[in-house]
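Protein chains: 2
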Amino acid sequence: MQNFTKYLKTKANIAEPEFQLLIKKVEFRNIEKGEVLLRPGEVCRHSFFIENGLLRSYTVDDAGKEHIIQFGSENWIVSDRSSAFFNEPSDLFIDAIEDTEVVLISSDFINEASEISSSFRNYNQIALQNHIRHQQKRINLLLSASAERRYMNFIKLYPDLTLRVPQWMIASYLGITPESLSRVRKELAHKNFKPN
Amino acid sequence: MQNFTKYLKTKANIAEPEFQLLIKKVEFRNIEKGEVLLRPGEVCRHSFFIENGLLRSYTVDDAGKEHIIQFGSENWIVSDRSSAFFNEPSDLFIDAIEDTEVVLISSDFINEASEISSSFRNYNQIALQNHIRHQQKRINLLLSASAERRYMNFIKLYPDLTLRVPQWMIASYLGITPESLSRVRKELAHKNFKPN
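If you're matching them up, the sequences are chains A and B in order. Numbering-wise, the first sequence is residues 1 to 196 according to UniProt numbering. Numbering-wise, the second sequence is residues 1 to 196 according to UniProt numbering.
To be clear, the hints were calculated from the coordinates, so they are not data collected in a lab. For every residue, glycine included, the Cβ atom is placed at its ideal position computed from N, Cα and C. Each hint should be verified, as a subset may be incorrect.
Derived pair list, reagent style DSSO-like, types lysine-lysine, alpha-carbon separation capped at 27 Å [unchecked claim]:
{"id": "1", "chain 1": "B", "residue 1": "Lys-65", "chain 2": "A", "residue 2": "Lys-156"}
{"id": "2", "chain 1": "B", "residue 1": "Lys-137", "chain 2": "A", "residue 2": "Lys-137"}
{"id": "3", "chain 1": "A", "residue 1": "Lys-65", "chain 2": "A", "residue 2": "Lys-156"}
{"id": "4", "chain 1": "B", "residue 1": "Lys-137", "chain 2": "B", "residue 2": "Lys-11"}
{"id": "5", "chain 1": "A", "residue 1": "Lys-186", "chain 2": "A", "residue 2": "Lys-137"}
{"id": "6", "chain 1": "A", "residue 1": "Lys-25", "chain 2": "A", "residue 2": "Lys-65"}
{"id": "7", "chain 1": "B", "residue 1": "Lys-137", "chain 2": "A", "residue 2": "Lys-65"}
{"id": "8", "chain 1": "B", "residue 1": "Lys-186", "chain 2": "B", "residue 2": "Lys-137"}
{"id": "9", "chain 1": "B", "residue 1": "Lys-11", "chain 2": "B", "residue 2": "Lys-24"}
{"id": "10", "chain 1": "B", "residue 1": "Lys-65", "chain 2": "B", "residue 2": "Lys-24"}
{"id": "11", "chain 1": "A", "residue 1": "Lys-137", "chain 2": "B", "residue 2": "Lys-156"}
{"id": "12", "chain 1": "B", "residue 1": "Lys-137", "chain 2": "B", "residue 2": "Lys-191"}
{"id": "13", "chain 1": "A", "residue 1": "Lys-137", "chain 2": "B", "residue 2": "Lys-65"}
{"id": "14", "chain 1": "A", "residue 1": "Lys-65", "chain 2": "B", "residue 2": "Lys-156"}
{"id": "15", "chain 1": "B", "residue 1": "Lys-137", "chain 2": "A", "residue 2": "Lys-156"}
Across the chosen pairs, the derived CB separations fall in these ranges [as the list claims (entries may be wrong)]:
{"id": "16", "chain 1": "B", "residue 1": "Arg-183", "chain 2": "A", "residue 2": "Gln-125", "range": "42 to 48 Å"}
{"id": "17", "chain 1": "A", "residue 1": "His-190", "chain 2": "B", "residue 2": "Asp-108", "range": "50 to 56 Å"}
{"id": "18", "chain 1": "B", "residue 1": "Asn-124", "chain 2": "A", "residue 2": "Thr-177", "range": "28 to 34 Å"}
{"id": "19", "chain 1": "B", "residue 1": "Gly-34", "chain 2": "A", "residue 2": "Leu-21", "range": "52 to 58 Å"}
{"id": "20", "chain 1": "A", "residue 1": "Glu-187", "chain 2": "B", "residue 2": "Asp-108", "range": "45 to 51 Å"}
{"id": "21", "chain 1": "A", "residue 1": "Asn-75", "chain 2": "B", "residue 2": "Gln-2", "range": "23 to 29 Å"}
{"id": "22", "chain 1": "A", "residue 1": "Lys-11", "chain 2": "B", "residue 2": "Ser-119", "range": "26 to 32 Å"}
Extracted from the complex, chain A is given alone in its bound form (with noise of 0.2 Å):
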């Protein structure tokens, strides 16, 4: 739980004594490679908070095709946020790349957290408004950019995953095929491009 410690006292601001109120509310868990911790239908209970290993968000299409949302790695946070929200069953499935370790984060404790400090709201306004800019530069891409933008923005916006995730599950996150995804890998060595 030292990445969460550090989030909730140094990102959020989070005293001492309130520390000590609101990790009691939290809930640690071990996820196995391959565990899904929600599927379509269901309504999102938790946020995932990511000590250590690797979560995805993604759709299956009618054809039985995988479209990735979302990769969580470390101090990242995965959710659907608006079944959360709104109550509302998902259209996610989340699941775990590798074997993680997460942190439960109901709404309740998000209320709570709120009501108790101050700080932990802005914080919490903060990570909702770089939601809502992450996903409008995610559109943006998708609507016009080339599959080499596409590829270098993930590059930036992810440095540690090229490795650990599989190329075809990058290429879905891109919505571009693995083959234009292996064409532009192969363009950017011939260039020298180095992503790590």
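Based on the hints, put chain B in the right spot on chain A.
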């Protein structure tokens, strides 16, 4: 200002005394068709609540092609929330597709209304979460849906726009070619599908 009044009083549940205070703090403006309200590189200082008319936000790629991020007609708010919240340069254009009457909502207004009224604060929180929900659905559609499903979704989201917006703009919003949109519309007509 009939729509904006309804928005504050009914939707955000602002009582008369607070309403009288707040209504003084917004600005009304008539925008001519084609007028540009925001350009890339500028910080977005306002959200535009649409009383009457039609705005759009869009990006222009390196080849000069426009990609429409959002349409907004009566009772919608068009903005670059990220630019406004983080006080950073926008990537977007916002302009008027029709002569439009807007209410200019500043960050100061939102902060003040949130302080005065807990129901406004709640409403604003729901609006943020709605925005996230809408963007998430859009990302999923762009990643996984056929041209027909994208168009059907457009009609559902913007039922009054199919006749007000040029076809090429709808295709741009959907991330499909005008030819694909034309084909989809013909197929739907053939199936006797009535959008309006």
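query = Hints broken by the structure, by number, lowest first?
reply = 6, 10, 18, 21
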